[in-house]
Structures are given as C-alpha cells and as structure tokens.
Amino acid sequence: MKTTLRLFAVYFSLFFFGVVSVKGQHQPNIKITFVNYTNGYPLVLDSGFTNCWKENFTVQVFKYYISNIGLQTTDQQIHREPNSYHLVDERDSNSKSWSFYLPAAKYDSLFFLIGVDSLKNVSGAQTAALDPLNGMFWTWNSGYIMFKMEGSSPQSSVINNKMEYHIGGFSGVNSTLKKTRLALSETAISVSDKSLTEIIVRFDIDKIWQAATPIKITDTPVCTTPGTLAAGIAANYSHAFDIIKIVQQ
Amino acid sequence: MLVLVIVATAFIRQPPPHKLTYLQLVIPKGWPRPTINIFANNPLTEEGFQLGRKLFYDARLSRDSNFSCAGCHQQFAAFATYDHDFSHGYNNSFTTRNAPGLFNLAWQKELHWDGGVNHIEVQPLSPLTAENEMATTLADVLKKLKRDTSYIRLFKIAFADGSINSQHLLKALAQFTGSIQSYNSRYDKVKRGEDTFTVSEAEGYKVFSARCNSCHTEPLFTDNSFRNNGLFLNKKLMDKGRMGITGNPIDSLKFKVPSLRNIPLTFPYMHDGRLINISKVIDHYRNGIDTAQPTLDPLLKKRLVISNQEKVDLMSFLLTLKDDVLTHDPRLKQPD
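Here the protein sequences line up with chains B and F, keeping their order.
Numbering-wise (the working numbering), the first sequence opens with residue 1 and increments by one.
Numbering-wise (the working numbering), the second sequence opens with residue 250 and increments by one.
Everything labelled a hint here was simulated from the structure, so no lab data went into it.
C-beta: ideal position from N, C-alpha, C; glycine also.
Please note that the accuracy of each hint is not assured.
Here are a few chain F residues that face chain B, going by a calculated C-beta distance under 8 Å [said to hold, decoys possible]: (1) Asn286; (2) Asn290; (3) Thr294; (4) Gly365; (5) Ser375; (6) Thr378; (7) Leu387; (8) Ala388; (9) Gln416; (10) Gly496; (11) Ile499; (12) Ile525; (13) Asn526.
Could you put the whole structure together from the sequences, leaning on the hints where they help?
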C-alpha cells in the first residue's frame with residue numbers, strides 16, 4: 001500500500017511539472033507545407049500526365065525526405081528546426097505539412113536538405129520518419145532512399161511498363177544529398193510569437209526530366225542503385241523547389 | 250490478500266521503473282579497441298541481450314515461421330551454417346552467398362561479404378526481407394510480436410518506453426549478435442600462457458605469420474579490408490563483391506577478408522563456399538590463384554610457396570583456432 005501511495009506522489013508531481021513545462025514552451029509559429037506539381041497543377045496520383053519529351057506517365061508512389069530545415073534572419077542568424085526529419089508522402093496529406101517554433105525575427109531565407117544527412121545513414125536503427133518500416137531504407141546497401149517515384153509509362157520497356165526511381169547514396173562523388181536555399185520573398189518576412197506564418201514550397205516534377213541530366217522514360221525507366229545516374233537525377237530535382245506562397249495569419 | 254494484490258497491480262498500470270543490468274563487451278588482453286562502439290546508442294544490458302537471444306532463435310520472424318536467424322547461424326558451427334555452401338531459405342530457395350560465422354562483430358566496420366551493411370543494427374533488415382531468406386516484412390514481424398505476451402513483457406523490461414517497434418527489435422538483435430565473442434581457442438590459451446603448441450602447430454604458426462597474417466591479421470584474423478584473393482569469377486552468380494556496393498571497377502571481385510577463427514567449423518569456404526576443406530584452400534593459394542585478374546591483391550601476384558610439410562603444419566595450426574567455449578556457451582544457446 002505504501003508503495004502505491006508513493007507512486008501516487010510521483011505521478012502527481014510528474015503531472016504538476018508537466019503542466020509547468022508546457023506553459024514555458026512556445027507555440028509553433030512557423031508552418032512548412034510541401035506541394036508536388038506537374039504540368040502546372042498539383043500532382044494527382046494514379047492519373048495520367050505528360051513530360052517534356054511527350055512521354056505519358058502515371059505516378060503511384062511519390063515520397064521524399066526533407067531534413068535539417070533552418071531559416072536565416074536578415075542579420076545572418078540561423079535558427080534550425082530541432083530533430084528535423086520529414087518524409088513527405090503524396091499518399092498521406094498529413095505528411096506534407098508541419099509546424100515548429102522560431103524565435104521572433106525578420107527572416108529572408110529557408111534552407112533544407114533534400115534527403116537524410118550522411119550521419120543518420122550510418123547510425124543504426126532509427127524511429128519516426130526514419131523508421132525502416134517506411135520502406136525508404138535499402139537493406140543490401142545500407143542507406144536511405146532519399147527520393148522515390150514509382151509508376152508506369154507506355155514508353156517504359158520494363159515489365160508492366162514500370163517506371164521506378166529510387167534515388168539514394170550519401171557518400172563520395174555519387175552522393176545524392178542536396179542542400180537547397182530559397183529566398184523567402186523580395187522583402188524579408190517577420191515571424192512573431194503570436195501568429196502563424198505558413199511557407200508553401202513547391203516541388204515541380206517537370207524539372208526532373210529536363211535539366212543537366214536529361215531523363216527520358218524511354219531510355220531510363222528505372223534507377224534503383226546509387227551511382228552517377230542517381231546523382232544526376234538528384235542534381236536535377238535539387239532545382240525543382242521554389243516557394244509559391246507565404247501566408248501570414 | 251490475493252484480491253488486494255490484484256487490485257493493487259491493476260492500479261499500478263505501469264511497472265515500477267526497474268534497474269537494468271548493464272553488461273560490457275570483453276576486450277581481451279592485447280586486442281585493439283573496436284574502432285567504433287557498436288553499443289554507443291544501444292547500451293548493452295542483460296535484458297536487451299536476452300530479448301535479442303529469444304528473437305534470434307525465433308522462427309516466427311520469417312514469413313512461414315520456418316526460418317530463424319539461428320537456422321542459418323548455428324552455435325555448434327560458430328554461428329555459420331554447418332557444412333553448407335549456401336543456406337536454405339524461404340520456399341525452397343538458397344542464399345547466394347556462404348553464411349559466415351558470427352563472432353567478434355564489434356570489431357567489424359562493415360558487415361556482409363561486400364561490406365554493404367554499415368551498422369550492426371540495420372543488418373537484420375537484410376535477412377528478414379530477402380525472398381530467399383526469411384521473406385517477411387518488418388510490419389509483419391512486429392504484428393506477430395505484439396500479439397505475444399512474453400514479448401510484450403520482454404520489450405517492456407529491456408527498453409525505457411517498452412514499446413514493440415522496429416528500433417527496439419533491431420537493437421535487441423544487435424545486442425545478442427554483437428555480444429558473441431571468440432577469444433578462447435587453443436591459440437588464445439597458448440598466447441595467454443595456459444597451453445602450448447605441438448611442434449607441428451608451432452611450425453604452422455610460423456608459416457601462417459609469413460604467408461597469411463598480412464590479410465588474416467591477428468588477433469582477429471582479419472584486417473577487415475576488401476581484397477581479391479584470386480578466385481575465378483563464379484559465372485552462375487556473377488558476384489563481383491565490393492564493386493556491387495561502390496560501383497567502382499577497382500573493387501571488382503574484392504570480398505571482405507574473413508576471420509579464420511573457428512575455421513575448422515565453418516567449411517565449406519569462400520564467399521560462395523566453393524572450397525570444401527582447408528587442404529583445398531591452401532592448394533588455392535599455392536597453385537589456384539587466377540593471376541590474370543587486374544584487381545588481384547598485390548600480395549598474391551606471385552602464388553604462395555608452401556611445401557607439403559608446411560601445408561600439414563599450417564593445417565594443424567589452423568585447427569587451434571576452434572573455440573569450444575563459444576560453441577558450448579550456455580548463454581548463447583536457444584533459450585528455454
């Protein structure tokens with residue numbers, strides 16, 4: 001009985017401290033939202049689109065990692081999202097937006113890594129967005145798949161006209177890790193403690209096909225190993241992000 | 250009284266915080282420290298080890314509940330598959346490489362013959378999901394474990410938040426496999442002054458030191474590098490080893506130098522189990538090396554000169570690397 005009482009005391013104090021610490025915490029005041037586009041419209045899974053080579057394609061799976069997000073103030077201060085690892089999955093609308101707290105200031109740029117930093121690729125079993133359950137971890141050549149697009153195209157010569165791009169590799173010349181920095185707008189934005197600022201980032205799939213490494217589904221319907229091709233595709237999509245809207249409430 | 254206890258336990262939903270029993274890897278005298286600490290983010294505990302042990306021996310970790318880790322990694326064979334070039338996997342399939350013994354993994358930087366696995370915690374993902382091994386999915390394994398009351402209890406004891414998730418599953422397995430150590434062979438006893446070599450073993454040790462130690466370096470009997478020891482390319486498998494991981498042609502036909510500890514138990518030999526006994530291995534180094542291969546290790550450009558007498562002595566030395574303490578260790582046996 002005595003132990004039960006003592007436990008009650010423990011629970012009570014935990015509860016108490018819990019309330020106090022929540023009070024001390026800041027409300028999220030910045031929200032990042034990713035939207036995937038193709039042919040000038042938001043991507044719709046399982047429906048037909050055309051790329052710049054006039055190839056038709058349908059996307060069934062579209063997922064990628066965004067990590068190490070930070071924003072820079074007009075006086076060059078950098079503030080980072082803590083534990084910043086996100087798997088954006090087109091199938092799961094909840095995965096496309098998240099919020100966190102930033103110290104109130106004027107910010108002029110947003111930066112992030114497309115992919116998972118190399119340290120987390122070599123540090124064993126992870127959880128949450130990095131859980132291997134998400135199907136974004138290679139088992140035969142340890143490391144995260146940074147970007148995954150699967151679907152089909154009549155131009156693909158592979159069985160069932162499959163189109164499959166699993167882009168990864170985190171070290172050396174074939175690293176697919178791409179740091180992206182986007183200016184927030186002509187004038188810097190003010191983030192305050194009292195309101196929520198939402199930054200909407202677009203991923204324009206059209207840019208994957210025509211860039212430094214042109215990708216035609218006819219020639220390269222599949223890329224599922226790290227290497228020069230994967231690095232080339234990653235370089236292509238590193239230029240596919242831009243900010244389309246900033247909403248301040 | 251009984252009723253009171255039941256009521257009380259129902260009240261205390263969470264088990265009271267308990268003490269974990271921390272364990273330590275043995276660093277035998279004269280050994281280098283492991284270059285990385287595989288338990289840095291996974292403190293080794295008796296509770297985690299015992300959970301890992303149960304998982305390692307549990308065939309329910311495969312799609313049809315026929316294949317446990319231990320099915321291919323047998324204790325009496327120093328955790329290799331005894332007397333098999335390839336091991337049996339799901340649906341009458343075979344692995345495409347020879348299953349290595351498992352011991353002293355804490356000293357390895359990269360796992361698998363091609364070094365494709367960069368951390369012991371993520372290694373099980375490969376056998377669990379491979380169609381020719383356990384052929385299951387993480388989600389399926391976790392579903393099975395969550396239905397099992399003994400696992401619910403063991404995960405709770407072993408990990409702080411007690412939940413059954415992929416990270417805890419993988420960390421527990423790593424605690425078991427990472428604690429399998431081999432440092433009690435007759436060779437080790439001789440080194441510690443507890444035993445002596447026979448004349449032939451002592452002669453064989455000299456041959457070993459001169460011809461083999463540069464790659465199979467003491468005390469681990471591997472330098473953990475990737476090298477081409479001059480085996481012909483297996484045309485059926487087309488396995489180019491390390492090159493499959495790095496994509497670099499200079500790594501073609503390079504494989505991880507395997508430890509020679511427990512070598513009497515881990516036949517047949519090489520990444521594809523092509524050589525059935527130690528005699529054949531030594532003959533390979535004497536007159537089987539394919540010297541035309543551009544990536545052949547420079548140390549083997551000239552085939553090794555080993556006389557028949559030296560071969561006999563070398564073979565008796567290699568027999569001293571068998572570790573009976575490991576193969577009989579009750580802590581590593583299938584749990585009751």
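Results of checking the hints against the structure:
Given hint, Asn286(F) at the interface with chain B, is violated; its Cβ is 11 Å from that chain's nearest Cβ, farther than 8 Å. Taken as an interface hint, Asn290(F) checks out: its beta carbon lies about 6 Å from the nearest beta carbon of chain B, inside 8 Å. The restraint placing Thr294(F) at the interface with chain B is violated, with a minimum CB-CB distance near 16 Å, outside the 8 Å limit. At its closest, the beta carbon of Gly365(F) sits 5 Å from a beta carbon of chain B; the interface hint therefore holds under the 8 Å criterion.
Restraint check, Ser375(F) versus chain B: the minimum CB separation of about 4 Å is within 8 Å; hint holds. For Thr378(F), the suggested interface contact is upheld, since its CB lies about 6 Å from the closest CB of chain B, less than 8 Å. Interface restraint check for Leu387(F): the shortest CB-CB distance to chain B comes to about 5 Å, inside 8 Å, so the restraint holds. For Ala388(F), the interface hint holds, the least distance from its beta-carbon to any beta-carbon of chain B being 6 Å, beneath 8 Å.
Satisfaction of the interface hint for Gln416(F) is found here, the shortest Cβ-Cβ separation to chain B being roughly 4 Å, below the 8 Å cut-off. For Gly496(F), the suggested interface contact is upheld, since its CB lies about 5 Å from the closest CB of chain B, less than 8 Å. A least Cβ separation of about 13 Å between Ile499(F) and chain B goes past the 8 Å threshold, and the interface hint is therefore violated. Interface hint at Ile525(F): violated, since its Cβ lies 27 Å from the closest Cβ of chain B, which is beyond the 8 Å cut-off.
Evaluation of the Asn526(F) hint against chain B yields a violated restraint, the C-beta minimum of about 30 Å exceeding 8 Å.
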